[in-house]
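Now for the letters of each chain:
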Amino acid sequence: MIQSIKPAPSIGKALDVERVRADFPILQRQARPGTPLVYLDSTATSQKPLQVIQAMDEYYRANNANIHRGIHTLAEEATAAYEGARERIARFIQAPSPRQVIFTRNTTESINLVAFSWGRANLNSGDVIVLTEMEHHSNLVPWQMLAAEKDLRLEFIPVTPQGLLDLDAYRGLLELEPKLVSFTHMSNVLGTINPAKEIIQLAHAAGAITLVDGAQSVPHFAVSVQDLDADFLAFSAHKMLGPTGIGVLYGRKSILEKMPPYMGGGDMIKRVSLRSFVPNSLPHKFEAGTPAIAEAVGLGAAVDYLSSTGMDEIAQHEHDLTAYAIERLEEVPGVWIFGPPAQDKGGVVSFTFEGVHPHDVSQILDSQGVAVRAGHHCAMPLHEKFNLPATARASFYLYNTQAEVDRLVEGLYQVRAIFGQ
Amino acid sequence: MDDLYRELIIERYKNPLYRGELDPHDISFEDDNPLCGDHIRIDLRVDQDDIVRDARFAGHGCAISQASADLLVEAVIGQSLEQVKGLTKEDLLDMLGIELGPVRLKCALLSLKVLKAGVYGLGEANDDLVE
Chain G
1 MIQSIKPAPS IGKALDVERV RADFPILQRQ ARPGTPLVYL DSTATSQKPL QVIQAMDEYY
61 RANNANIHRG IHTLAEEATA AYEGARERIA RFIQAPSPRQ VIFTRNTTES INLVAFSWGR
121 ANLNSGDVIV LTEMEHHSNL VPWQMLAAEK DLRLEFIPVT PQGLLDLDAY RGLLELEPKL
181 VSFTHMSNVL GTINPAKEII QLAHAAGAIT LVDGAQSVPH FAVSVQDLDA DFLAFSAHKM
241 LGPTGIGVLY GRKSILEKMP PYMGGGDMIK RVSLRSFVPN SLPHKFEAGT PAIAEAVGLG
301 AAVDYLSSTG MDEIAQHEHD LTAYAIERLE EVPGVWIFGP PAQDKGGVVS FTFEGVHPHD
361 VSQILDSQGV AVRAGHHCAM PLHEKFNLPA TARASFYLYN TQAEVDRLVE GLYQVRAIFG
421 Q
Chain H
422 MDDLYRELII ERYKNPLYRG ELDPHDISFE DDNPLCGDHI RIDLRVDQDD IVRDARFAGH
482 GCAISQASAD LLVEAVIGQS LEQVKGLTKE DLLDMLGIEL GPVRLKCALL SLKVLKAGVY
542 GLGEANDDLV E
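Going down the list, the protein sequences come from chains G and H.
Residue numbers for the first sequence follow the working numbering, beginning at 1 and rising by one.
Residue numbers for the second sequence follow the working numbering, beginning at 422 and rising by one.
No wet-lab data here; the hints were simulated from the structure.
Just so you know, these numbers come straight off a predicted model, no measurement behind them.
Each statement offered as a hint is correct.
Straight-line C-alpha distance at most 20 angstroms; calculated SDA-like pairs for lysine to any residue:
#1 H:435 to G:413
#2 G:385 to H:455
#3 H:506 to H:527
Chain H regions said to be covered by chain G (calculated; three or more residues, Cβ under 8 angstroms):
#4 424-438
#5 457-463
#6 471-484
Cβ coordinates follow ideal geometry from the N, Cα and C atoms, glycine included.
Only chain H is shown next, with the shape it has when bound in the complex:
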């Protein structure tokens, strides 16, 4: 339990560094986790070289989903869209530094699904994006 709610996660949940929206933005996508009612929106600004120059997330949900979104958005600033497309479940779990069961994994991965669906320009965020 102490692992799951390590200080980083509680801190990023209570005081996120990248919460907000970008207007204008180049890429924006949002989706829900229907099991939990978690909701995440991610906005990106991308320059002509396809480098993410700024990123923000909005939404609501549990500490795991919100902290994961904050850490993910922080990580992608400065990355190329190709690098973002290559992000995996393991990358995100490394950022969080915790191990999760199947139910809570969905909370953690919602932000990655939303991000990749936005970057790929897909109409929906499906689970294959994070497998």
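Extracted from the complex, chain G is given alone in its bound form:
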């Protein structure tokens, strides 16, 4: 019997990490003389490749001007660079139109924009907003502020002991007929990748609109707003190889068009008289004042870098690295890993070390050149739920290697030695 040979699943080309690393000048430095840097804190902020640094440098050297109004060569070049970045970002997240891509300062500002523009205009006393217990403070506090102002009710999808969202409980919460479901696509602490498409489908069926906090997902795997059918998607440039100071809010056109402006000022208006104004069209309606032009250029270059490297290749690389890290960390006596197994998560491994505070773990690792984050990672309620004052967190990106995971593990044995365990 002849069996047809199935082609191997298309894993694509493997990531050439050494080639990637050569693009990142900071990875060539030493943490201190004689100690190479092992950067395992990309969930807090990513490092930047030369292509991004040079794009911003070139913009300031050759094209700098204010955008949208000047009728001179530089102004036209700057406007083209800024709007060109918007178009690349729209393609990157498969937004139907660049007009649905609004530049903000970061994920936090994007969420605040939705809360205080859409939320103020559309929510009334007693309305329900559904969040989750694994949210970053940026997707909690704006809603708490709005809830206090408008007398809203906040409900939370629980996190199971395995670090996953309890979707049965979520179905129950939808019976409260929430107006909005706002949730993280990927937890910055647990690493859990939430089933965003399913959460959105269920929300829509219950009549709610949805906001996806993509701060950790957009940098690490392919995210399509059309495939997700998300109403809003928020993310930050600095976590995806771009500069600080710029973020994105994607929104469904029909919703954005009805939303009032968030901040008033230049560029967001069509016409102004002494006592009134007519707001500009999308996306400018939400971009008051001179925006972060060079940063938009940098984000555009970052998106080009990620696309040409391949988001699927990046995701596969991070998955392999995470699985390896979990396996190696589990060997170290006293280490306890907080979060689901590798198949349910992205490149984030939070852990505790028995008898040693995460700050001390982090400090000792730093002395070995290994940069990890320690604290509650802007997710205090999640830590409180699991009765953890803090955790240490190693996180991975396209430029990290297995050898760096080995350095982390060696550092943890040093922690054991110093604390006499």
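Take the given structure of chain G and dock chain H to it, following the hints.
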């Protein structure tokens, strides 16, 4: 690194001499370091001459914050409240015998902030107390 985690600090972290609470107490105050989640409570018993007769600390946090609290509480027993009010950042760092960067300094100084806020009868422990 060997300096930061000198034997005294590891020893006081693992086996503190003054961990606990005083009931009753004359002065008690507690506060957090919001950046780290360190938490310190300090209880004092003070006699009619305003001399600290007994002191304990409770809480959780990193080795630096906990060892600093243990050493500080030990140092204030027998001191007058006036002397306690006069304690400085340098006094505490001398007790610890280490040099700290700006982030870890907050861990070390939490206990001093809590102590002074309690002694001054303030509602909150602000950073000015340890400058």
